[in-house]
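Taken in sequence, the protein lines are chains A and B.
When the letters of the first sequence are read in order and numbered with the numbering used here, they come out as residues 1 to 114.
When the letters of the second sequence are read in order and numbered with the numbering used here, they come out as residues 1001 to 1867.
Any given hint could turn out to be false.
[To be verified] Lysine-lysine pairs mimicking DSS-like chemistry, simulated, CA-CA at most 25 Å apart:
no., chain 1, residue 1, chain 2, residue 2
1, A, 51, B, 1014
2, B, 1533, B, 1614
3, B, 1480, B, 1773
4, B, 1066, A, 56
5, B, 1163, B, 1131
6, B, 1131, B, 1007
7, B, 1051, A, 51
8, A, 31, B, 1007
9, A, 60, B, 1066
10, A, 3, A, 92
11, B, 1014, B, 1051
12, A, 31, B, 1045
13, B, 1207, B, 1227
14, B, 1321, B, 1593
15, B, 1300, B, 1207
16, B, 1607, B, 1704
17, B, 1343, B, 1353
18, B, 1714, B, 1231
19, A, 51, B, 1066
20, B, 1734, B, 1337
21, B, 1066, B, 1131
22, A, 31, B, 1051
Calculated directly from the structure, the hints in this document are not laboratory data.
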Amino acid sequence: MKKYQLGEFEEVVLLTVGVLYDEAYGVSIKKEIETRLTRNVSVGALQTALKRLEDKGYLKSREGEATEERAGRPKKYFQITALGKRAMEYTKDTRDELWSAIPNMALNPKFVEE
Amino acid sequence: MEINKNKPPRLFLKFFRWFCHPELRNSIEGDLMELHSERARGMGKRTADMKFIFDVLLLFRPGIIKSVKQINTLNQSDMFANYIKIAFRILVRNKGYSFINISGLAIGMAAAMLILLWVQNEISYESFHPKADRIYKMYSRDENNGRIDVWGNTPALMAPELKQSYAEVEDAVRHRIVYFLVKVGHDHFNEMGAFADPGFLSVFGFKLLKGKTDALSNDFGAVLSKKLAIKLFGTIECLGKTVMVNDTDNFTVTGVLDDLPLNTEFEFEYLLPWNYVTRLGWDRGQTWAYTNAATYVLLKEASSPGAFDSKMTGIVKNHIKEGDGSTREVLAHPLTKTHLYSKAENGKLTGGKIETVRLFSVIAGLIILIACINFMNLSTARSEKRAREVGVRKIVGAYKSSLITQFISESILLVTIAFVVALALVQLSLGLFTQIVGAPLHIQFTNAQFWLYAIGLIIFTGLLAGSYPAFYLSSSRPIKVLKGTYKKINALVTPRKVLVVAQFTFAIVLSICAIMVQRQIQFAQDRDSGYNKSNIAYNFMQGEIPTHYDLIKNELLARGAAVSVTRTYSPITRIWNTINELTWQGSGESDRKTNFLLYGADADMTKTFGMRVKLGRDIDIKTFPTDTAAVILNEAAVDIMRLKDPIGEIIKDSNGTSWHVVGVVKDFIIESPYERISPMIINGWRDRYGVVNFRLNPANDQVKNLAETEKVFKKYNPEYPFEYFFAEEYYNRKFGNEKQTGTLASLFAGLTIVISCLGLFGLAAYMAESRTKEVGVRKVLGASTTTIATLLSKDFLKLVIISILVASPLAWLVVSNWLKSFNYRAPISVWIFVESGLVAIIIALLTVSAQAVKAAAANPVVSLKSE
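Looking at chain A on its own, in the form it has when it is part of the complex (with noise of 0.2 Å):
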């Protein structure tokens, strides 16, 4: 039982629309993540994501601004709400967790090897 549920894709876009702040939208978040992780990422794939994490209350809209470019469509504007903020921070921490809990026995590839 997660308190927080949150996939690896999600942890990236949540993350994401936090990097880009008051840019966040469809296109803008598609390129960061393409940008920063070098890993493609469909359109279809995010707004699946998107949708996900609104649907879950981590991310929340507004329409923005319509240009000539998107042939008169709307912008929509993530924000990460308090939840996801919670949701982000919850994942971080139990890694953390995690990170310190492993003895360093395990992390050394000599010791093994012997």
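Here the structure of chain A is known, so what remains is to put chain B in place on it, guided by the hints.
Just chain B now, with coordinates in the frame of chain A:
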């Protein structure tokens, strides 16, 4: 140009728009467009397009695709709540119209439900037997007097042969009705029962409470109905007890049947084994020409009834070389059809009760239609009031389809309310209706199927009533409506006129038919029956009556209970025998085929029945011993035999017996009062008499007469209960069917008129209301109340007159078609049409003029100030 160049592939954009969840559609589409134009700039349009397509296809995944259900139910339930709220508000605001609408629909639905209940009951006949679909009843078909007759009796010899020689027959059982005295200790009752073959109980599905289906294989075993068992023993625990039948033979009870269901044509209180017929000696001299048993065949599963039917059709005539029966064919008729299809047309069982069922089903449909027309008329007439609402809804963004949904759901709501009222009406009137149709009907509230049908009826009626107004109302133009230029002065636009005409046409046709049915009954009732029906009572010869007949007769006369007594073969209202193959002086070959009714009587026949003797005298065996070979003819017989001087003529039958004519009696009705009188021969064989007829003394009190008569019969026949019947009552029963049709037709004609007038009243009220201002102006300009009242009623009157013109020829067609089934029929008089037309006009005028006069009499100051 620039924009065009940047356009992504249309097809995929469309596809995306189609599948995408509407909430996400705009922003994602924006993203896609932005990416596309960026890519187009960077990598060229072609690559951008490819990537776009790729993106769209990858977007086609759950979470992005819209889920139709989710969105619709959310929206719709709210909208429906709103529709229902508005509908209720409108109902409450216009109490008058709501009342007219609901009561019209309720009456219509109640009438239709009654009819449907009855139809359902009729259709369910014999369907309760588990093997019903494999059981066939055998009918005989032969030519009589140039007409092909089909009847449900067959030779008793046939069943064993069918079972033996036809591979597809699983079992063949006989059934023959009998009327015996049944006795246990000192309790005795005359009861209707039947002889039946051992397989009877396993072929049919009558429910056995006690005993097994082989109960009839015991030669001395009898099966009783629950009713009779309780009557005789006070309990159904009577297996093994003894019953005395026919005052001579003892039977052991081997089974008890539950009382027969009401949807069966079978009628018996007990079953006796078939071979009792042999013990009684009733099958002595049995031939293939006698048709005295009902034969039922159970076919094996997966056998072809058609092939069986054609294979065995000659089974009877193959056994008869010449004479009666040599042309007789046999046909197999499905058991489930025996009730509805019992009348032969051209030698095929295609008619009968099914015609009434069809007729009344059509009437049920038409009554519902009429009630729906009211609804349509009132809602479209009042569309102006609703138009503003429609306009606002449209401007706020309602689709035409959602408006249609609104109005249809409104009408379904109204129909549902009407249905509840109709249920109450049906429940109230069921007792009366049950009496008229003579079938016990009831609403099966606990039956799921009933509710299924009920919901079906509601939806059907709701759609029928609501569809036209829905399309009409939803198509109004919002701008026009809201600007206020929508007003129509006349509430009677063409489609509405057509509907009113249709309504009244149907009401008038139905009332003309109802009048004509009544006339036909009256006509036949007024027909001279040829004898005096009043005060004639009769009972059946049973026990000691035949031996003591002379003593009984003398004592009845001596005590003054009866003024005249005679004995006959059958009651004066029924004929049991016919005879053909007769020859007489001057008769030709074709005369041998002529069928004569064969009746039998003794001294004082004409005196007892009050018949008129035309020539000669009664048969009187006591005074003239040779009268055992004497006959009386009726006038029809004299005509058909072309006898100039009938008295003393000799008639020979096929056995070579000679009969001499001693008298001619004026024609009297013994068969149907609607038919021509058939030629009849009355003879007097001592051992064939079955009925004692006595004319009660009109000088005495009827009750006293009957008490005296009972004493006499009890004295000479103490073992049997005294049961008497009145000839007049049985004569009147001959009109039963037509009376039923007549009552139902009148009832439904009345209802349709009421419903139509309700609608007319609503329309008139609405029109008067919408023309208030016009009336005010006219009055100010000097028009009189009468002129205005005429003006307002004129339109409606025109419609009613058109309906009369349409209805009259239609009604004439229906009525003359119906009358064709009677030989003795009332003439169709023009006056019926004139009368019912006038009545329609008067009723319509009364309905409309109340409104018209009210509007015309109103003070113009009030109406003109009312802005």
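How the hints compare with the structure:
1. 51/A - 1014/B: holds (22 Å)
2. 1533/B - 1614/B: holds (19 Å)
3. 1480/B - 1773/B: holds (22 Å)
4. 1066/B - 56/A: holds (18 Å)
5. 1163/B - 1131/B: With a Cα-Cα distance of about 17 Å, the restraint between residue 1163/B and residue 1131/B holds, given a limit of 25 Å.
6. 1131/B - 1007/B: violated (72 Å)
7. 1051/B - 51/A: holds (22 Å)
8. 31/A - 1007/B: The hint holds at about 21 Å.
9. 60/A - 1066/B: Holds - the C-alpha atoms of residue 1066/B and residue 60/A are around 20 Å apart, at most 25 Å.
10. 3/A - 92/A: Between residue 3/A and residue 92/A the Cα gap is close to 13 Å, so the pair holds against 25 Å.
11. 1014/B - 1051/B: Within the cut-off at roughly 16 Å; holds.
12. 31/A - 1045/B: holds (20 Å)
13. 1207/B - 1227/B: Holds, at roughly 13 Å.
14. 1321/B - 1593/B: holds (16 Å)
15. 1300/B - 1207/B: holds (22 Å)
16. 1607/B - 1704/B: holds (22 Å)
17. 1343/B - 1353/B: Holds, because 8 Å separates the two Cα atoms, which is no more than 25 Å.
18. 1714/B - 1231/B: holds (21 Å)
19. 51/A - 1066/B: holds (13 Å)
20. 1734/B - 1337/B: holds (24 Å)
21. 1066/B - 1131/B: violated (53 Å)
22. 31/A - 1051/B: holds (15 Å)
In summary, the numbered hints that this structure violates are 6, 21.
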